Amino acid sequence: MSPTSETAEGGRRLVIVESPAKAKTIKGYLGPGYVVEASVGHIRDLPSGAAEVPEKYTGEVRRLGVDVEHDFQPIYVVNADKKAQVRKLKELLAESDELFLATDEDREGEAIAWHLQEVLKPKVPVHRMVFHEITKDAIRAAVANPRELNQRMVDAQETRRILDRLYGYEVSPVLWKKVMPKLSAGRVQSVATRLVVERERERVAFRSAEYWDLTGTFSTSPGDAGAALAGGGSGEPSSLVARLATVDGRRVAQGRDFGADGRLKSSQVLHLDETNARALAAALAETSFAVRSVESKPYRRSPYAPFRTTTLQQEASRKLGFGAKATMQVAQKLYENGFITYMRTDSTILSDTAVAAARAQVTQLYGADYLPEKPRVYAGKVKNAQEAHEAIRPSGDRFRTPAETGLTGEQFRLYELIWKRTVASQMKDATGDSVTVKIGGVSSDGRDAEFTASGKTITFHGFMKAYVEGADDPNAELDDRERRLPQVTQGDPLSAREMTADGHATKPPARYTEATLVKELEEREIGRPSTYASIIGTILDRGYVFKKGTALVPSFLSFAVVNLLETHFGRLVDYDFTARMEDDLDRIARGEAQSVPWLRRFYFGEGGQDDGAGAADAGNGDGDHLGGLKELVTDLGAIDAREISSFPVGNGIVLRVGRYGPYVERGEKETEGHQRADVPDDLAPDELTVEHAEELLAKPSGDFELGTDPVSGHQIVAKDGRYGPYVTEILPEGTPKTGKNAVKPRTASLFKSMALDTVTLDEALRLMSLPRVVGTDAEGVEITAQNGRYGPYLKKGTDSRSLTEEEQLFTITLEEALAIYAQPKQRGRAAAKPPLKELGVDPVSEKPVVVKDGRFGPYVTDGETNATLRTADSVETITPERGFELLAEKRAKGPAKKTAKKATAKKATAKKTAAKKTTAKKTTAAKKTTAGTTATKATATKATAAKKTAAAAKKSADGPE
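Just so you know, the working numbering puts 849 at position 844 of the sequence shown, and the rest follows in order with no gaps.
None of these hints come from the bench; they were simulated from the model. Note that the structure is a prediction, hence the values are computed from the model and not measured. Take every hint as true, because none was put in to throw you off.
With a straight-line cut-off of 20 angstroms between C-alpha atoms, the simulated SDA-like cross-links for lysine to any residue are:
1) Lys302 to Lys443
2) Lys898 to Ser850
3) Lys757 to Leu770
4) Lys443 to Ala250
Sequences are here, hints too, so could you generate the full structure?
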């Protein structure tokens, strides 16, 4: 029975989904008797601070938002920005005969549905409507086959939420006290940060090793090098390139044979240096070589499984340059508009309908030869995967080709990626042959040298016709690359056309990218794959990690935070412990464990409040892996704040993380020979060598006393600030710094032509004399010369004009200024600056991307989309890939929403206007509303300070996982 005919018989139905976009799409598939409205995400959550907690709760409950003494009862409040939407939903529900809760079918969606039911308190029948794709058939089937709310999923989500709140609100304050205010800790975010920090530690400790080997180019046509190069005209190669493998039976050392300390792991291998390698190459120049063996094996490569959340994020990063967050934003749009199935899934399973659609397209697009006899089935690799979901695939029972979708930009490219992967997953294996050829000869000094060459020939491309997976290593060879070797047999003579000695150096382990960090977290079974994008976003936003190109680089701040957590809360950032917690949470979801006893053990220790055993060793000791969080965060006396934020560099230099950023220091403060210098925020920790630290300390720093201002008598000093060098005056002791009578010292930035250690008192006084009054125009309006953030300029009322040189601030005359103002003001692109850097063609817009200098700093643009460079980016170091990624993220966010000013006043005006036009009854209701609003304002005024504190705590401590 169709929804439309059901409606005719059953009255009006209210369907609630999460997003307006999803509501709009679904509305088109249901009849006129259905009202589809969005909750706009969660409508209710734990309070963001004490000010939001009802007055009846006191003490720890107000601080945590969770009553730990009474079975960890959560205190839920309707979000302030959702109250209007809740009122709207209640009004719609009052006019409805049935309620369908159609939120996503994962734990988060189930929890949103439960909260809606709890808040709306429906008196009509309630149905849980679930679907994993937004198509007409899927939506109608979901309406016809609703289910009950899954309370186990709700409990599991609630347990995670409470766990994350306890972790964040208990551990984050420790970071505030011992490292820096407003920091945050999280169950998964802290572990993810530790992974990035550990990789950087490996890079810092790494010592490069140099090694050499030989590369020989061998020809099967000894008499004709030209024919060898041309392949003899037969189409088959007649030369091959082989690398030296052994000398007198000893394997020649390669990069894998060296440890992180730069030393050989085994003495059994031969380490060639430059001298020996070049000597061996010379000794082999006239050697006669022959093929010693040819080993051929069949090659077979099976297609990759359809996408799940993490593999989509990884592949979109490799192939499209998307960050995890941008990938999920684009995928969300594709899902909500009915192009793909649900994008948060751990499953690689395809429904029978999807398998049939994929197989039909294989036959249609590639022919029956590429279709296997039986459908391919992919087993789930993710532990505790929610197998009720399907893999990410094109929606519907017939897949639209990318050209048929009408999509453009990022959405087109991501859909195309998903479509190709899905179709390829139901195609035949690629087959061929792999060959290894060993070539030997004896050098003029009697040494036996053996070279090895390997080749691969693909005789049937199979699924590779549709799709080939990318690689995290930019030097790695992709699966569809062939290496064809000439046809040779054992004993065939070969001539060495060229013998080259090649030098190499071992490289430190590569930093994580978003793709490889997602892969690492999943392999370690840490957190839920659906949360990885938000977790990576969190550690980037909070300054624990920044990007250089696509690499994730830990800040020095993250070193201090991870050092504290490892030393004093070791278990909380232990990889195995975090994975075991994830297992426990999944057991709760399956009904195999109970939530409250588990939370009691995590928070209070093995036996909870009633057990006298305590949890003294819960930080790093053995025993119950849940430990006891409360006791861990109670005694902080053993934590030395200076020690956990200090890291030796060498030569008596120490890197310290202070409240205002990192700095290097030698010696003790206020002692002879003490040196200190700020460290740039964007300096990667592995780049802070002893030599670099010495350079920073050698730079002029501290206060340079320039002399006394003859007019004021104040001392004038030059300083190096975080935003550049400047001069300022020292005000006498007792000068009020706050309040109505506060006095601010005169301050001025140095010109670009000035240096901190050479600026004079006269120059400083001259700088601090700015702005300078140049004169007045004919109407008596004053013209001043000023030095601003973007350079020197003239100002007349609200009209500003740029000057070309800083010196003009002191030399420009009134006549010259009036001449400038007599010219029409250049607007728009009339005075466009040339680009600072060219990055190439954007793969999405297919337009050239450049870096430009804007009013608020440098930014990348393709002429359509602009994206400001982040703190860690610079014009000099930004790569094309990073530029494309910034543009992709900006496009995924969509246009910025304009914030309406004086929203409260506008709303009040709107209410009054509406009241005038309506009946007396509605006017009365409006008055009641106004009265309620006034009362709310009064309460809010009293709680302002508490709300500000709460907001800071919410932002710092209550991030995702």
